[in-house]
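Student: The residues making up each chain are set out below.
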Amino acid sequence: MDTNTTARLLLRKKQDILVNWMENQLADDTLRDDLISNEELNKQSEELLDGLLKAVSHGNFENIYSPEYEQTLDTLGDISITRARQGFSPRETNLYVLSLKQALTDVLEQEHLNDPALLYKEVILINKLLDNLSIATFETYLKGREEVILRQTDELNEISTPVIRVWDGILALPIIGTLDSSRTQIVMENLLQEIVNTGSSIAILDISGVPAVDSLVAQHLIKTVSATRLMGAECIISGIRAEIAQTIVHLGIDLSNIRTKSTLASALQIAFEMLNLQVRKTGQTSVTKLLR
Amino acid sequence: MITMTKDTMEIVREQDVVPFRNRVKELATKIGMSLVNQTKLITAASELVRNMLKYANGGKVTLELISKAGQSGVRLTFTDKGPGIADIQQAMQDGFSTGRSLGLGLPGTRRLVNEFAISSVVGEGTTVTVTHWKNGR
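Protein chains in written order, with my numbering: chain A, 1053 to 1344; chain B, 2 to 138.
For the record, the hints were derived by calculation from the structure and aren't laboratory data.
Just so it is clear, the structure is predicted and the values come from calculations on it, not from any experiment.
Backbone N, C-alpha and C define an ideal beta-carbon position, used for all residues, glycine too.
A short list of chain B residues far from chain A (calculated; beta carbon distances all over 12 Å): (1) Thr9; (2) Ala57; (3) Lys69; (4) Lys82.
Computed footprint of chain B on chain A, listed as stretches where at least three residues anywhere in the stretch have a Cβ under 8 Å from a Cβ of chain B: (5) 1252-1266; (6) 1298-1306.
Between the sequences and the hints, there should be enough to build the whole structure, so can you do that?
Tutor: Written as structure tokens, this is what we have:
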């Protein structure tokens, strides 16, 4: 079988294929005319078909990663991504590509009705090609989604590690969520940078929001405290809940070199004492002040 | 001893740790374990699962709800196909680590849970089974 002949036949029949394909799509139950207008769909389909027929005109139906398919894959990628944004489901996007298969084989069937052996080979060829293209579509769709997830992970890490200046010379760092290696790195960087920026001498690490303190988390905490000390600042760990304290003791983690407190308030009090600051109730209430 | 529910989870990436811990927590809450015991069990599970990821590139965990003499508990079995541990006695000592960590994972875990069993064959893998009862005894 000469694949070039098949390619030429398809090219000659392009208009028929397009009409057939559009008819198939418009008749389908899953048509989303609420998301895409029929003219738009027609334009999109024609562009894709043009590219595809140009690609197969070299007689290559097998390898979609060769240079002649570049344009087709680009178009498919664009369609896949815009459709994902428009709210098409992956299934609908994939069905769109697969419905072209029917249109192509219909044309071949009309042409080679009296030569079943040739028709069979051609249909197999078209099947393989369109399957490959539909896989490529799905890959692009997934890649787009994965990029979004990765970006969100990064953003989440940044957002969830704020360094707060609670007083002149005192920083507080509430840690919420699991403390893994990459998180610790961000926490440490932010904290050390902020110590330099503000000239603070005390940092309070609050771990009330850390669900479990295992030996890895403890090791990360110890490292952060050591790094803070090297910068000449003192570090207090607060928010150690009763159950966490028991667990740490059983695990055998030694935190005796680190100042720890159960609440952020008591850590702040210690910090005030270290800076020789006092919080006092004033003698008079503000009302009497006003009356005077 | 009766097994009430049984479930397995594949751990292959660091991202699997949090869902796994949540699953353990779910089981512990289901049988009404106290907060302290829950935390102990979750921390132990977290240690073992991290070991599995670090030394064996992941593995499989079987989570079971068990009952014995009217007492309910959670049993976790960690199975990996990693390099195995040559000297278990040494690995169970406080402060021993081949991976520059605190060296508290295995011995600490043994102190955290009620029952602890470990077996390992060099070149084939390691299996650790821990059981924690509802009242922590």
